[in-house]
Every structure is written in C-alpha cells, then in structure tokens.
Amino acid sequence: MEAHTAAGKLQGLAEDALWYEAAHVVGITNALNVVADGLGGAGRLFSPVDGPGTPPEVETVYAEIRAFYDRKEVPLAFRLLGHDAGYLAEFWAAVRHAFADNRLSRRLKEALAFAVSLTSRSTFGAAFHLEEMRRLGVGERGVLEVLGVTQMFSSYTKIADTLQLESDMGVIAPVDSTPAPGGRAS
Amino acid sequence: MPTVRLRDASEYPEQAQKMFELSKAWFNYDFKQPPAMSRVMAWDPEFGGPHGRAMKRAMGPGEFTRAEKEMVAAVVSGVNACVY
Chain A
1 MEAHTAAGKL QGLAEDALWY EAAHVVGITN ALNVVADGLG GAGRLFSPVD GPGTPPEVET
61 VYAEIRAFYD RKEVPLAFRL LGHDAGYLAE FWAAVRHAFA DNRLSRRLKE ALAFAVSLTS
121 RSTFGAAFHL EEMRRLGVGE RGVLEVLGVT QMFSSYTKIA DTLQLESDMG VIAPVDSTPA
181 PGGRAS
Chain B
187 MPTVRLRDAS EYPEQAQKMF ELSKAWFNYD FKQPPAMSRV MAWDPEFGGP HGRAMKRAMG
247 PGEFTRAEKE MVAAVVSGVN ACVY
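For the record, the sequence lines run as chains A and B. Position one of the first sequence corresponds to residue 1 (the numbering used here), numbered consecutively onward. Position one of the second sequence corresponds to residue 187 (the numbering used here), numbered consecutively onward.
FYI, nobody ran anything at the bench for these hints, they're computed from the structure. Be careful, since some hints might not be right.
Here's a subset of chain B near chain A, in silico, CB distances under 7 Å, partners left out [claimed, not checked]:
(1) T189
(2) V190
(3) D194
(4) F213
(5) Y215
(6) A222
(7) M241
(8) A253
(9) K255
(10) M257
(11) V261
(12) S263
(13) N266
DSBU-like cross-link-like pairs, simulated, lysine-lysine; straight-line CA separation at most 30 Å [as the list claims (entries may be wrong)]:
(14) A:K158 / B:K242
(15) A:K158 / B:K204
(16) A:K158 / B:K210
(17) B:K218 / A:K158
Glycine residues also receive a C-beta, built at the ideal position from the N, C-alpha and C atoms.
Produce the entire structure from the sequences given, and follow the hints as far as they go.
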C-alpha cells in the first residue's frame, strides 16, 4: 500500500487530502457491500424496506438517493437499512459526501469503489459501481484499465505478503506539511 | 521480516540490471537499491518480465491517468491488507 501511495504522490497526487478522500471511499464502499452481500439473500429473515408501506422519513432519504444516482430504484444496500430512518439518514449523508465531486472526481471515486468491490469479491458492489462508472462516462477501455490494475495488484500484493516484504517505498513520497482542514500549521 | 534473503542489486545478472534501470524510470526516483518488489520480480525474468509488462500496460495513461491508477492500486493493496 505504501508503494502506491508513494508512487501516486510522486505522480502528482501529493496532497494528503486526496488520500483521505480515497480512504473514505474505500471504507464506505466496504460498508455498503457488507450489508448488500451479507443480507441481500436473507429473504424474509431481513427484508428490504420498500413499496407502499415505506415510512415517509425513509422515503425522503430514498428520494435523495434516487436523485444522486439518477435511477428509479434505490440500491439494495440502502433499502436494507430502511428499518431505522435515523441511521439510514446519517449513513446516506456519509455516503453522499464521500462520493460527491470534491478534490477527487466522482468518476474516479466510482473507479476506486469498483476496484474495492472486485478485490473484496462483492457481487453487489462490483455490479453497482460498474454501472455507476459507465453512467458517469467511463468507457470500455477505462473499465478494462481499472480491471487490469486491480488484477495486477491483487497479484503483487500476494507475492509481497507471501515473502513478507517490508515496505521500502514510503520514504520516497513527498510529505504534505499542511494542517488539518480548518486548523493551523504547527 | 522477509522469508527470503533479498539479494543486493549487484548479485543479479545483466538482464536484471536493465529491469532495475526501468524501475528507476518508472518511479522517477533514484533508488540506492531497487525496491524489494523489483528485486523479487527480477528473480525469474520469464515470470517477472511478462508480469511487469502487463502491469505497465494496465498502468499506462488512458481514460485514467497513471496517478489515478496508482490510487486504484493503493486501494486494492489496502483491501488486501498489504502493507508493502
């Protein structure tokens, strides 16, 4: 991990803010996938909240989700959380913020989420983020690029782990000495 | 600690020295010793060669930049819990 963070910084993504954003995308993507893949097949034991009986406060969040993804159906991961409107609203706010255009583009964030989902073998996440990448304009070549990078570094990482290689790349990265957002430099 | 002894760059044959030079150019960094992974992949050029070329093909600029792809690689490594 240090090798690519360092290489990415050397390639121009030098600011830590970019890597914080990427890390948030990784975390929240995994959170979506855990619920959708883990409970998606639970059937009546844990059914998604949808249809005419959906509480209004849940429907309000669902409307935001549909608008954000420009689709009629709310993705399963969110419908499974509709049993607790307060939790859903806070979780959705975190997802929306993590995936919105910011220092990193939404397009790149979806590519990161696709890579995370492939790597963690999430059938929900791989399909969902592939669809989002395409909706945001990533072509077949771009999809294959992300697929290739994901596959190649799923190989390198296991070679490194098998031989228990210690990171020797972190030191090559430039250090960002700016303070935390809103803070002061020390 | 590595489970194998990582050889010094000087212990590798001429063909590997060329790979190490390419590694410097790839990272745009003048390493004192090639990165551990470069030395591992240079151990068997018939594996490391095509593996490295496939990686470079995947990492080259296209719809996504090289830097963006390094970020993709970083998150893959993170999900795989690989500290390297």
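Taking the hints in turn, this is what the structure says about them:
1. T189: Hint holds; T189 (chain B) Cβ to chain A Cβ min 5 Å, cut 7 Å.
2. V190: Nearest chain A Cβ about 6 Å off; hint holds.
3. D194: This hint is violated: D194 (chain B) lies away from chain A, its Cβ roughly 13 Å from the closest one there, beyond 7 Å.
4. F213: holds, 6 Å
5. Y215: Holds - the Cβ of Y215 (chain B) comes within 7 Å of chain A, reaching about 5 Å at its closest.
6. A222: holds, 5 Å
7. M241: holds, 5 Å
8. A253: Since chain A brings a Cβ to about 4 Å from A253 (chain B), closer than 7 Å, the hint holds.
9. K255: holds, 5 Å
10. M257: holds, 5 Å
11. V261: Holds, because the Cβ-Cβ distance from V261 (chain B) to chain A comes to roughly 5 Å (cut-off 7 Å).
12. S263: holds, 4 Å
13. N266: holds, 4 Å
14. A:K158 / B:K242: Holds, because 18 Å separates the two Cα atoms, which is no more than 30 Å.
15. A:K158 / B:K204: holds, 25 Å
16. A:K158 / B:K210: Holds - the C-alpha atoms of K210 (chain B) and K158 (chain A) are around 23 Å apart, at most 30 Å.
17. B:K218 / A:K158: holds, 25 Å
Going through the hint list in order, the structure does not satisfy hint 3, though it satisfies all others.
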